[in-house]
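This is what each chain is made of:
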Amino acid sequence: MDIVYFAWVRERIGLPREQLETEATTVAELVAELKAREERYEVAFSDLSALRVAVDQKLTDFDASLAGVREVAFFPPMTGG
Amino acid sequence: MRIVVQDAPFDLGQESADFASGHRDMGAIVTFTGIVRDLPDDPMEAMEIEHYPGMTEAALAEIAQQAIDRFLLGDALVIHRYGRLVPGEMIMMVATAARHRKDAFEAAEYLMDYLKSRAPFWKREITAKGSDWVAAKDADEDALKRW
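If you read the sequences in order, they're chains A and B.
Each step along the first sequence adds one to the number in the working numbering, with nothing skipped, and position 12 is 12.
All you need for the working numbering is the position in the second sequence, starting with 1, plus 81.
This is chain B alone, in the form it adopts within the complex:
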């Protein structure tokens, strides 16, 4: 398992390649990447992401370990950025390695569902009109019920 919390950008291709190498017994690798998305009606200048140093790393490691145990993963990777990002930039990625694709896909969804509402990050959108904290959605909490 590898957990990375950083303000710097990451290299998706390099991270994916590194993760995929060295898992000879794993037939399936799934990666998911989250991108800062522009707002259609109110163009976004930037997204600022705040986090809770210490708790963030511990929460991500706990979530990743749960995914590894539940889906019998060979490995899991979580990279999450904080600080000021502009539309088009990559916010985060997860990668999962499993023997078969179903477990790899499901584990990636599980990781995303949990880190949306259980990892201590808070996003703020900055537009020409001002800035607003992104509110958590009921749907994000409901998404955990399927697991």
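Just chain A, same shape as in the assembly:
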């Protein structure tokens, strides 16, 4: 599975994209797994209310299933326009 990060999430984690083999079945489980890896992930994911998630490029929530998913993206609330 590809994990992508944008804006300050990318800066805190220190990379824009990584590949991960995971047993996580939901986004929330994936976040828990990432947070357990290293402090920079713990810091980036410390306040989920400040984060948004997209699964296969569709905006969703942290309860979303990861069944068959190829790409998960984490980023702050968007500021287009």
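Keep in mind that the hints were calculated from the coordinates and are not lab data.
Just to be clear, a hint being listed does not mean it is correct.
Claimed, not checked - Each pair of labels, with its calculated beta carbon distance range: (1) B:102 x A:43: 49 to 57 Å; (2) A:16 x B:207: 14 to 22 Å; (3) A:35 x B:186: 42 to 50 Å; (4) A:56 x B:102: 32 to 40 Å.
Claimed, not checked - As a list, the in silico EDC-like pairs of lysine to aspartate or glutamate whose alpha-carbon atoms are at most 16 Å apart: (5) A:58 x A:2; (6) A:58 x B:138; (7) B:210 x B:126; (8) A:58 x A:71; (9) A:58 x B:143; (10) A:35 x A:18.
Beta carbons are placed, not taken as given, at the ideal position from N, Cα and C, and that holds for glycine.
We have chain A already, so just place chain B on it with the hints.
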């Protein structure tokens, strides 16, 4: 519908003229243009805009299609830039074509409200003091509730 995501500048006059031509049954065209605005107390050197290639185009097309369906538009145009921009530069534009002006105006507002907080762009302001990501405002999220 036309969706353009690019780093290069766009020609507002040419885009507006092209959009306005070829809609004989549409009596109203509204265009909105967003400009990089300087900060009064802390002059801005540049604004950097990051986006999510692939999702950006899909999200903008979905938002534009919703506007077309809801306001019975004849057409809609969204152009949004990314990369490094300086104050005074145009960031983005939308254009809407409808039979009557009310739908064209409302559709342009609808497009702007949605692409502010549902299109995957992130802005960073760079000043002499440093750089900061622009935080999303609660008001931007609240703006969606009226639709």
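Tested hints:
1. B:102 x A:43: 49 to 57 Å: Given range 49 to 57 Å: holds, Cβ gap about 53 Å.
2. A:16 x B:207: 14 to 22 Å: holds, 19 Å
3. A:35 x B:186: 42 to 50 Å: The hinted range 42 to 50 Å holds for residue 35 of chain A and residue 186 of chain B, with Cβ atoms some 46 Å apart.
4. A:56 x B:102: 32 to 40 Å: holds, 38 Å
5. A:58 x A:2: holds, 14 Å
6. A:58 x B:138: holds, 12 Å
7. B:210 x B:126: holds, 10 Å
8. A:58 x A:71: With Cα atoms ~10 Å apart, residue 58 of chain A and residue 71 of chain A stay inside 16 Å; holds.
9. A:58 x B:143: OK: residue 58 of chain A and residue 143 of chain B at ~11 Å, within 16 Å.
10. A:35 x A:18: holds, 15 Å
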